[in-house]
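> Chain residues, written in single-letter form:
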Amino acid sequence: MGLAEELDLIHRRLLTGSRVAARDLFLTALSPLKGHLAKTQAALDEETRHDLATDALLIYLEQPVRCDVDTSSLWTYLCLVASRNATDAFRKKVRHHRLLAESADLVEEWSGRANNVRRTEDAIDARQILEQHGERLTTNETEARLLQLMLEGEKSTDAFAGVLGLDPSADDTVTLVKQAKDRMRLRLRRLRGELEL
Amino acid sequence: MANLNSDMDDLGDLRQVLTRAARTDFLIARLLQIWSRACPTENIADVLDCPEQRLVDLALCLRPRVDHWESDISEIATACEIESDRLDAFLKKVVIAERLALAHETDADGGRLLAARDRQDEP
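So the sequences go chain by chain: A and B. Note that the first sequence covers residues 1 to 197 in the numbering used here. Note that the second sequence covers residues 1 to 123 in the numbering used here.
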């Protein structure tokens, strides 16, 4: 019996209520489906292909009635689902890499600047960095405002103290502002490292 | 029909599948995950008195239906080479725990399994 016929039998067992047919589907279809993706979606890595094949089976198992084996085989149905999801995954990956490449230049440029020099002539677009990476760099509104000041090249300790809710005249304000800025610089360096990978 | 005694390559592939399978609510994988998180010190293979590899088979079966419970348990138990009464009792406990958790809108992996473990009635 060929693969397509075997899978159609499993499909019919599922429709009649078999609980074990799901396991038989995994045993029968997972490897061939991964092989199909390896041939048709060679740009995707093996782990991604494995996940796509798994997801195709799970999508089918959620509603087996969607597959009409009188029209086309279950094998064809599974290949279509897996290929469609593979195309989506590939587009998502390309979009992700393009976004990272675009923002990497910005973060690299900012990270290379001297800490206490304001260079308005080549000011970094702080808003763009905040929009693209704000969620990873900051956890609350105060940190977001601190980051924005840093990206804009602010030098005044009083300005940072105001954002942080500190008394500018207190003895430890300079230390606390420095600690907050150092923490943010560390996050920026980590982000730059990730973007360079 | 697929061979129950999968070779080791297939078994390795299927183990990778289980994490994703446990995210669905229609496979037994989800119930095994609930048990494992609620009772981390209890080995499911010991509870069911079966080899570890049978658990992969079990996890990939569809959950037994309430209105066909006995026949579904019988089918699964036979295919996975697990004693039917043990499987029946085990799945009833986990299903009850899952329902209790859902009824109280809490994490299904929480501690309510301990209370459900002593119940033997129909889920």
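In case anyone wonders, no lab produced these hints; they're calculated from the structure. Be aware that a few hints might be false.
[Said to hold, decoys possible] Below, in silico cross-link-like pairs of lysine to any residue (SDA-like), each with a Cα-Cα straight-line distance of 20 Å or less: (1) B:92 / B:16; (2) A:155 / A:144; (3) A:178 / A:168; (4) A:178 / A:194; (5) A:93 / A:72; (6) A:34 / B:90; (7) A:34 / A:18; (8) A:39 / A:71; (9) A:34 / B:92; (10) A:39 / A:89; (11) A:34 / B:13; (12) A:34 / A:4; (13) A:34 / B:15; (14) A:39 / A:18; (15) A:155 / B:13; (16) A:34 / B:33; (17) A:93 / A:191; (18) B:92 / A:18; (19) A:155 / A:136; (20) A:92 / A:43; (21) A:34 / A:97; (22) A:39 / B:13; (23) A:34 / A:13; (24) A:155 / A:143.
> Enumerate the violated hints, using their earlier numbering and listing them in ascending order.
1, 4, 5, 6, 7, 8, 9, 14, 15, 16, 19, 21, 23
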